[in-house]
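Peer 1: Chains A and B supply the protein sequences, listed in that same order. Quick note on my numbering: the first sequence kicks off at 1 and runs consecutively. Quick note on my numbering: the second sequence kicks off at 184 and runs consecutively.
Derived by calculation from the structure, the hints in this document are not laboratory data. Misleading hints may appear alongside valid ones.
Said to hold, decoys possible - Below 25 Å or equal to it, Euclidean Cα-Cα: the simulated SDA-like pairs (lysine to any residue) are:
#, chain 1, residue 1, chain 2, residue 2
1, B, K307, A, R104
2, A, K137, B, P220
3, B, K295, A, S43
4, B, K295, A, G28
5, A, K137, A, G119
6, A, K137, B, A302
7, A, K111, B, A302
8, B, K307, A, W109
9, B, K297, A, E105
10, A, K126, A, S43
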Amino acid sequence: MLIAGAALLLAACSEPARELPVNTRLGGDFTLTDYNGERFSLSSLNGEVVILFFGYTHCPDICPAVLARVSQVYRNLKEQGEADQVRPVFVTFDPERDTAQHLREYLPWFKADILGLTGELSAIEKVAEQYGVVFIKEDGGNGEVDFTHSDYIYLLDQQGRVRKVYPADFNIDEVVADVKTLL
Amino acid sequence: MLKRFFSAMSGVALLVTVSAGAFAEARIEQAWLRAVPPVSPSMAGYFVLVNDTDQPLVLTGANADFAGMTMLHDTGTDGEGRRSMSHLKDVTIPAGESLAFAPGGRHLMLMKMKSVPEAGETPKVCLAFQNHADLCGAFQVRHNEP
């Protein structure tokens with residue numbers, strides 16, 4: 001009985017991670033402006049695994065939580081020596097306030113090598129459409145601007161293809177494990 | 184430099200209570216702020232408000248000396264998974280009940296930051312009520328939910 005149980009356990013441990021399917025409905029290359037003010041194409045990261053997510057820095061609740069969780073994924077990978085070919089990429093949908101300079105000052109605090117992207121609103125809208133992201137500008141009251149928005153996180157492989165989509169409250173260990181299947 | 188309400192805090196359930204009576208009080212528990220970059224224009228506060236008084240409490244807002252503006256907000260999710268924030272004019276906590284302000288839901292939004300407290304600090308935040316004296320507590324700045 002014990003031997004059979006141990007054999008099952010060993011089999012489970014040695015089972016290769018399941019290959020993540022390619023999502024052919026979402027994604028694609030795009031060009032925006034990076035936090036250094038330079039034109040940036042997603043395809044320039046080909047060869048690296050990308051964790052792509054959207055938000056805005058004036059969002060106090062969900063966005064900082066997502067940034068913190070993505071950062072934790074990156075730091076966990078780094079501790080395991082697996083982060084060299086991994087790049088978190090944050091796209092703002094609030095380019096008016098999230099300028100390149102603001103993103104350059106804001107993102108390094110998370111200590112996760114997060115690349116920040118901004119640009120013309122029309123260009124960001126096009127990227128959002130490619131990835132199925134919805135964002136709607138709203139009056140937050142007292143002159144504040146908020147956004148109704150979707151908050152999915154996209155795991156892209158070395159060819160920029162979407163391999164998995166996660167909710168904002170994703171499991172950090174799950175994403176770490178998924179990234180490692182692509183490395 | 185921020186004035187600190189408490190110089191140190193151990194544990195996550197630190198609060199100040201304003202008693203309406205020896206056995207009937209309202210209090211803030213599990214109060215914390217999510218740590219954000221120093222250039223952040225806003226930050227969010229979370230807590231559990233316990234109403235052990237014999238009257239409903241009507242929470243109307245908050246104030247903190249490090250934020251120029253505060254609002255009560257609620258993050259909602261629609262049927263298509265889109266998040267949106269709505270302003271709460273007030274929130275009623277029935278007598279004998281408690282109400283949580285937690286990530287992804289009701290939260291205190293602090294804006295027009297005069298300074299951004301750092302992780303580990305415990306700045307003072309006061310909650311304001313329509314029918315009760317302010318409740319002030321030390322909100323621990325944390326990277327993660329307690």
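Peer 1: For every hint, state whether the structure bears it out.
Peer 2: Do the hints match the structure? See the list:
In summary, the hint linking B:K307 to A:R104 is not supported, as the alpha carbons are separated by about 30 Å, beyond the 25 Å threshold. Pair hint A:K137 plus B:P220 holds up; C-alpha atoms about 23 Å apart against a cutoff of 25 Å. For the proposed pair B:K295 and A:S43, the alpha carbon gap of about 38 Å is over 25 Å, so the pair is violated. Our distance criterion of 25 Å between C-alpha atoms is broken by B:K295 and A:G28, whose separation comes to about 37 Å.
For the proposed pair A:K137 and A:G119, the alpha carbon gap of about 16 Å is at most 25 Å, so the pair holds. Annotation: proposed proximity of A:K137 to B:A302 is violated, straight-line Cα distance about 31 Å (limit 25 Å). Distance restraint check for A:K111 and B:A302: the Cα-Cα separation of roughly 14 Å lies within the 25 Å cut-off, and the hinted pair is therefore satisfied. As the CA atoms of B:K307 and A:W109 are separated by approximately 24 Å, the hinted pair is consistent with the 25 Å bound.
Pair hint B:K297 plus A:E105 holds up; C-alpha atoms about 17 Å apart against a cutoff of 25 Å. In summary, the hint linking A:K126 to A:S43 is supported, as the alpha carbons are separated by about 16 Å, within the 25 Å threshold.
Hint compliance for this structure: hints 1, 3, 4, 6 are broken, all remaining hints hold.
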